[in-house]
Every structure is written in C-alpha cells, then in structure tokens.
Amino acid sequence: MVIVDQDLCTGCGTCIPYCSVKAISMGDGFVRIDPRKCTDCFVCVRNKVCPVEAISKGPLETFYEQYRHLLSDPTETTADTGVPGRGTEEAKTNDVSGRVRRGEIGFAIDMGRPGMGVRMSDVERVARAVTAAGLVLEPGRVSPLGKVLADLGTGEMQPGARDLFVLSVIIEGKCPEARAKGVLQALQQVSGEIESVFSLGLIMRPDREGEFSGLNILDGLDIPRPHRGKVNIGLGRPLAEP
Amino acid sequence: MTHTLHRSGDRESLKNDFVWLMYQTKGINDKDIAPKARVFIEAAEACNCINWGDVKSGNVLDIPADEIKAKLSDQSRLRGVFVSKEDVTQFVKRIKAAGLGISVVISGLLDQVQDICDEAGVKPHTINYSLGVWGNKAALPGDDILAVTTMCGHHQVSPGIVEKMVDDIVEQRATPEQAGRELGRLCPCGVFNHVRAARELDKMAKSRPETTR
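Here the protein sequences come in this chain order: A and B. Residue numbering for the first sequence follows this note's numbering, beginning at 38 and increasing consecutively. Residue numbering for the second sequence follows this note's numbering, beginning at 219 and increasing consecutively.
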C-alpha cells in the first residue's frame, strides 16, 4: 500500500484527485490512504504529485499484494506472460499466437473497467457464470487471472484472493461460436448482480468469405452492433492461421 | 490488455482518434525488437503521430523521444496516437512495406479502420469488438469525464484530475491544450490523445454555469 509520511504531509490535498478509486482522503491535518481501496497502482508516487514527497511506495510483502500491484500498474510486466499492464495479449497477437481461430469466439471481460476498480469476489461471480455457460478460461501462463483461480473449469477463486481490490483484471477465454450466445446471456444475467462494472470485448476471425459473421450471435440479445474495435491487421509472422 | 478498446464518446468525438500498437509474441517473434521498434518510431514521426511511448519508459509528452529510443529493448511495447485517418494510412503503408513480421493493431471506429486497411492494402486478421460497459453503471462518472479518462485504458488518469483540469481552465490557470498535455503525461503507454482531451476539457469548461466561470 502507498504510505503517507505524516511528519512531512502538509494536508494540502494535492494528491487526492489523482486517485482513480478515491483511496486518498483528508484526515486530521494530513491525508489518509484507505487500505481496502488502494490498488498499489502507484500513480501518485510515480508522477511525484506530492509537493513535499510525503507519499512513497509501501512494501509488497505477500503474493496477493504483489499480484494486486501487478494488475494495477501498467509499467510492470507479468513474468509468466511477458506482457506489461494486465498481462494479456488477447487479439493483439492473434495473427501469430492463433489463440482464437475460425469458428471460435474469444471473450475479454475487463472487470473494474472503466476506472472503478473491482473486488475479486465480483470477478469470481462473473467467472463462475461464464464458465457454467461454456467459456473455457485461459490458464495462468497466458492470463494473470488464472494464477488466483482455484479451479479454471468453474471460475472458483482462491479464498485468499477474494477480498483483493484491484484496478482491473481481465477474464479471458473462448468457446465455440455455437456456445457464445449462451455466454453473452450469462453475462447479461450476472451484470445485474455485481457491485462493479466490466467492459466487454468480443474477439473473432473473419469467415472464409472475409466476413465477420460471428457478430450474428448478437441478434436477438438486445445488444447494439459495435462501432468501435481493435483490428489486428495481420502483419505478424509466422501467421498461425491465414 | 484491452486498454485501447473501450474509448468512450460519441462518433464526432471519436472520429479523430486512432491508436496503433506494436506487439511481439512471447516465444515466437520476440527477439531483436529494438531495431524493429526504431522503424515503427521513424514511421510514426514521419506520419505526424501526436503521442507515442513505450510503457517501460514513458511517453513523448513526458520524456524526450531520444530518451525513450535509447531505452528500447526486447521488452519494449510501442503504442501511439494519430488524429488523422490519412496519417494512419500512410503509417500502415510504411510498416507493411518494412516487412518486420511484428503484429500491428489499429484501434478506432470500425468503418474508418476498414477504410485504412483498404487503402493500405491489408486485411483485418482478427477484430476485438467493444461491446461497451456492463454492470453497475450508475456508479460511473459522467459521459463527458469518461470520454477523457478512457483514453488511458489502464486508468492512470482519474475522474478527479480531469475535474481539476476543468477547474484550472475555468480559472485560467491552464489552457485546454496545457491541461490535455498534463493528463497525457500520466498515461505511460503513449495512447492518450491529448488533442482530443483538450477539446473535451474545453467543452466541459464552457458548459460550467456562468457563476462558476
């Protein structure tokens, strides 16, 4: 957790608006950090927002403290995946990795985003719902969430992780196109049961005719057709699936 | 990461906002990245890229470009922003011609990205479609704030600091351009569009009630 040196802090409050999750508040003459909310993103420390340098990084002693920091500070890199930020490549290298193939739909459920943060118990609730509907989650070697799941097949969280509050974490997985509508319906259901939010990305390859016909799974679900996206333009080599 | 996927705003606000990402795949094509990254940077600089960076060292709004270039390594992940469709198209043409074999992603309005692909002679290989925000949306800040904060998908730009920048503009402590750049400094990846942010901040400042201006 971020530490405030109470001998140095003047209580000017300059640091308060920089925190995305409102973990910093004014106390009696100096600012306080809420340990239940601080995600160890270190925005306040890294950008030297304190005029008297009263804010510093605290120790990250346990696995879960280090995990929370890793997911919240994009300048860090997840060791196993080799990817900075929240540690996943999803569609960005799909031309080379081939993680999502024709006939499959990938899901990137960006929990806590935009900017609200999320408790891992909320993440577990969503992970359980989508796995029950047929989503196969990515393992820990390619997706950091897998490291704190007790059971990848059911979305069950390790008990020690449930109370962690992180800036965001991505539930990543894929399923055959035929099951994707059921996963979306599960997300519609569970989205009314969580305290936080998620931003949803749907990953697919074009069919043999070059059309992204996988979008037809949205029909009848009251989900508007997307107008914004991230397009992998196929320049990576070697190509996994032309 | 999906940190450039869910930029929010209406079509008018999003139409001059394109992000590019350079991505190596671990264990497959992740060696000798620095010289390839230099080619990306040369192309970006030649095509009027307004902001770019390497998450491991920072962005050009905060750090001199030469410093970022000097720190390039196999772990570098470059990203940047354009405000013109024509400039992105030229950038993609250059990268395609260089034949580096590194994955490239363009994030933006889908019809515009399709135009860019057609003009540059490339085909979408995979698309990650944004289906927006789900869940407890009542707890989110307003759409005007989100249009700015979501330009840093890692949420290093908070709603509170956006509000403060609007205050600074209203009280003439900063211009919209200065405020936009200050926010961009906080996003280490270099995907923050400070030009669009300045427009959004200016709109927010002008919409404040007369008594607070």
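Each hint should be verified, as a subset may be incorrect.
To be verified - Which stretches of chain A does chain B cover? Using the computed rule of at least three CB atoms under 8 Å from a CB of chain B, they are: (1) 39-50; (2) 141-155; (3) 242-250; (4) 258-271.
As the list claims (entries may be wrong) - Label-pair restraints from in silico Cβ distances: (5) B:Asp-284 - A:Leu-45: 29 to 37 Å; (6) B:Glu-260 - A:Gln-43: 47 to 55 Å; (7) B:Arg-391 - A:Arg-139: 48 to 56 Å.
Said to hold, decoys possible - To give an idea of the chain B side of the interface with chain A (calculated C-beta under 10 Å), a few residues: (8) Thr-243; (9) Leu-290; (10) Ser-302; (11) Gln-308; (12) Leu-327; (13) Val-351.
Rather than coming from a laboratory, the hints here were simulated on the basis of the structure. In this text, a Cβ means the ideal position worked out from N, Cα and C, and glycines have one as well.
Checked hints:
1. 39-50: Since 0 is below three, the answer is violated.
2. 141-155: holds (count 7)
3. 242-250: holds (count 4)
4. 258-271: Three-residue rule met by the region 258-271 of chain A, so holds; n is 11.
5. B:Asp-284 - A:Leu-45: 29 to 37 Å: holds (34 Å)
6. B:Glu-260 - A:Gln-43: 47 to 55 Å: holds (49 Å)
7. B:Arg-391 - A:Arg-139: 48 to 56 Å: This hint holds: roughly 54 Å between Cβ atoms.
8. Thr-243: holds (4 Å)
9. Leu-290: Given a least distance of 14 Å, the restraint on B:Leu-290 is violated.
10. Ser-302: violated (17 Å)
11. Gln-308: violated (14 Å)
12. Leu-327: holds (6 Å)
13. Val-351: With a closest approach of 5 Å, the B:Val-351 hint holds.
Against the hints set out earlier in the document, violations occur for numbers 1, 9, 10 and 11.
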